[in-house]
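Trainee: Here are the chains, one letter per residue:
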Amino acid sequence: MSVLIYTDSADGTLTKNAFEAANYGALLAKKEGKSATAIVIGEASDIDKLGAYGVTKVLHVNDAALNNFDPQRNAAIIAQAVTKENATTIIFPHDYSGKATAPMLVAKLDAGLVTGAVALPEGNTVRKAVFSGKAFADVEIKTAIKIISVLPNAVDKQIGEGSVAVENFSCEIPTTRLTVKEVKKASTELSLTEADIVVSAGRGLKGPENWGMIEELAQELGAATACSRPVADIGWRPHHEHVGQTGIAIRPNLYIAVGISGAIQHLAGVNGSKTIVVINTDPEAPFFKAADYGIVGDAFEVVPKMIAAVKKLKG
Amino acid sequence: MKIIVCISKAPDTTSKIAFTDGNSKFDENGVQFIVNPYDEWYALVRALELKEANGGSVTVLNVGDTSNDAIIRKALAIGADDAVRIDTPTQDALFVAKQIANYVKENNPDMVLLGKETIDYNGSQVGGMVAAILDMPYVSLASKLDMNGTTATIEREIEGGVEVIETSTPFVLSAAKGMAEARIPNMRGIMAARTKPLNVVAAIAADNATEIKSFSLPPAKTGCKYVDADNVEQLIDLLHNEAKAI
Numbered sequence: 077m078s079v080l081i082y083t084d085s086a087d088g089t090l091t092k093n094a095f096e097a098a099n100y101g102a103l104l105a106k107k108e109g110k111s112a113t114a115i116v117i118g119e120a121s122d123i124d125k126l127g128a129y130g131v132t133k134v135l136h137v138n139d140a141a142l143n144n145f146d147p148q149r150n151a152a153i154i155a156q157a158v159t160k161e162n163a164t165t166i167i168f169p170h171d172y173s174g175k176a177t178a179p180m181l182v183a184k185l186d187a188g189l190v191t192g193a194v195a196l197p198e199g200n201t202v203r204k205a206v207f208s209g210k211a212f213a214d215v216e217i218k219t220a221i222k223i224i225s226v227l228p229n230a231v232d233k234q235i236g237e238g239s240v241a242v243e244n245f246s247c248e249i250p251t252t253r254l255t256v257k258e259v260k261k262a263s264t265e266l267s268l269t270e271a272d273i274v275v276s277a278g279r280g281l282k283g284p285e286n287w288g289m290i291e292e293l294a295q296e297l298g299a300a301t302a303c304s305r306p307v308a309d310i311g312w313r314p315h316h317e318h319v320g321q322t323g324i325a326i327r328p329n330l331y332i333a334v335g336i337s338g339a340i341q342h343l344a345g346v347n348g349s350k351t352i353v354v355i356n357t358d359p360e361a362p363f364f365k366a367a368d369y370g371i372v373g374d375a376f377e378v379v380p381k382m383i384a385a386v387k388k389l390k391g
Numbered sequence: 348m349k350i351i352v353c354i355s356k357a358p359d360t361t362s363k364i365a366f367t368d369g370n371s372k373f374d375e376n377g378v379q380f381i382v383n384p385y386d387e388w389y390a391l392v393r394a395l396e397l398k399e400a401n402g403g404s405v406t407v408l409n410v411g412d413t414s415n416d417a418i419i420r421k422a423l424a425i426g427a428d429d430a431v432r433i434d435t436p437t438q439d440a441l442f443v444a445k446q447i448a449n450y451v452k453e454n455n456p457d458m459v460l461l462g463k464e465t466i467d468y469n470g471s472q473v474g475g476m477v478a479a480i481l482d483m484p485y486v487s488l489a490s491k492l493d494m495n496g497t498t499a500t501i502e503r504e505i506e507g508g509v510e511v512i513e514t515s516t517p518f519v520l521s522a523a524k525g526m527a528e529a530r531i532p533n534m535r536g537i538m539a540a541r542t543k544p545l546n547v548v549a550a551i552a553a554d555n556a557t558e559i560k561s562f563s564l565p566p567a568k569t570g571c572k573y574v575d576a577d578n579v580e581q582l583i584d585l586l587h588n589e590a591k592a593i
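Chains as they are written, first to last, in my numbering: chain A, 77 to 391; chain B, 348 to 593.
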């Protein structure tokens, strides 16, 4: 019996979320005395790295024609791998690919699914984030086969020395009515959902012309940039940067919020972050209640000092 | 063009989140319910725009009991032509997906649109399940949808970029930000909604694959450590040495 992990790739390498899922799946396999097998669909040059995360075997459908994402096709392929590996649990990253593929696999296997897991299962019960991160639910899966999609930082990373056996997986590949015509990359920007550090700013910055220092701080930290909803709505920043309940929910290691008051809808999208830093002129800003570190002060004075201090630290 | 938009009931985004019955149930006391924003702002409004441009009909579909009628009327006030409620207490995502798939199969729409997830259970499950049950293409997290005859051109957000996808009807699509601009119902719409058809149909038998056992709230932050604005270097030092975040 095995735990099967769907590890997605982009641009020829596995995604950060794929490694998070592999780590989770391997820890679960260890806990339940099963083996951890990953499935990779399309080309990926760094499959060997999965060994360090505890995966012992990889089924690779190594076909460049499958590089573009199609959840219907992928679900059909994964279903065949489930049978071959006698998998009892299937793990997905809770990202763009997992969110589309996991439910399609559910319908094929008639199995129970918990999305957005934040911890390893206890028996048949999985803890997941609900109410946009404002609460957790413990959900029991009643079916023999269990499917779980995993949020970033759900479990601590355990990296070892293991190696993987890669097996070319030949399977039936269905034709679908979906064609990917084009993939437009958002320049070289770091993907917001994959970033370890996020620097975010809100209306406190007074205008889009003042974002230079936010971008500079992000660059010094190797961080992605984000913004609050009002700022995206008035067009100061692009919509894809909007984090919060109706934007993107993120769980970075470090979230730095500059000039954002911390409305409940914004907090919902970021309160899974490990460490939160808030910089605001208003000592009564609700965001300070959710923060680990705070500076009451003017962003235009504090942020340049932060940039200088980070530069000094990084030498 | 025949479009079905699935809508879900969700607590207003400003609701206080609390639980009752030994933390096994969401405390609805004092909570105002709304149409799930992703269903309303993006899926429903884009469906209405497509109908306005191409003709056809927009039906809103909800799985739930009579307590959902108020939010169904709201969707009618925004502009849907009619509504169908599959009459059953709401259960897990697979149960709901089987109800929707059964209705879709009998009514052959050109597309089924819904929001990318609900803001309460954040499952992001029902759309993919419906598509898989019906063996239709599924495009999730779509930010743009244009129709040309039976061909759909869709933009979908992926890690670090956007995918442009082409598919053909019938398909299932989950909508995310960017798809449309929210509409506020006007008085005429609200009046008209009162007399638009809301058909109640029976549910089919289906099992739950999952069950929520209990809820809990995240541990409260232990308190914010304040650093003086004149001593920013100390903050960077704490982030490096204490939080080990940079």
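Since the hints were made in silico from the structure, they are not lab data.
Where hints are given, some of them may not hold.
[Said to hold, decoys possible] Subject to a maximum C-alpha distance of 35 Å in a straight line, what follows is the list of computed DSBU-like cross-link-like pairs (lysine-lysine):
#  : chain 1 : residue 1 : chain 2 : residue 2
1  : B       : K568      : A       : K387
2  : A       : K184      : B       : K452
3  : B       : K452      : A       : K106
4  : B       : K398      : A       : K107
5  : A       : K387      : B       : K372
6  : A       : K233      : B       : K372
7  : A       : K233      : B       : K568
8  : A       : K282      : B       : K572
9  : B       : K349      : A       : K365
10 : B       : K568      : A       : K106
11 : B       : K568      : A       : K184
12 : A       : K350      : B       : K349
13 : B       : K591      : A       : K233
14 : A       : K350      : B       : K572
15 : B       : K491      : A       : K110
16 : B       : K560      : A       : K233
17 : B       : K349      : A       : K92
18 : A       : K107      : B       : K568
19 : A       : K381      : B       : K372
20 : A       : K160      : B       : K452
21 : B       : K572      : A       : K210
22 : B       : K363      : A       : K261
23 : A       : K106      : B       : K591
24 : B       : K452      : A       : K92
25 : B       : K491      : A       : K106
26 : B       : K363      : A       : K257
27 : A       : K218      : B       : K591
28 : A       : K125      : B       : K363
29 : A       : K257      : B       : K452
30 : A       : K282      : B       : K491
31 : B       : K568      : A       : K282
32 : A       : K365      : B       : K560
33 : A       : K110      : A       : K125
34 : A       : K381      : B       : K568
35 : A       : K184      : B       : K491
36 : B       : K349      : A       : K184
37 : A       : K210      : B       : K363
38 : B       : K452      : A       : K350
39 : B       : K560      : A       : K282
40 : B       : K591      : A       : K210
Trainee: Tell me, which hint numbers fail for this structure?
Mentor: As far as the earlier hints go, 3, 4, 5, 9, 11, 12, 15, 17, 19, 22, 24, 25, 26, 27, 28, 38 and 39 are violated by this structure, in ascending order.
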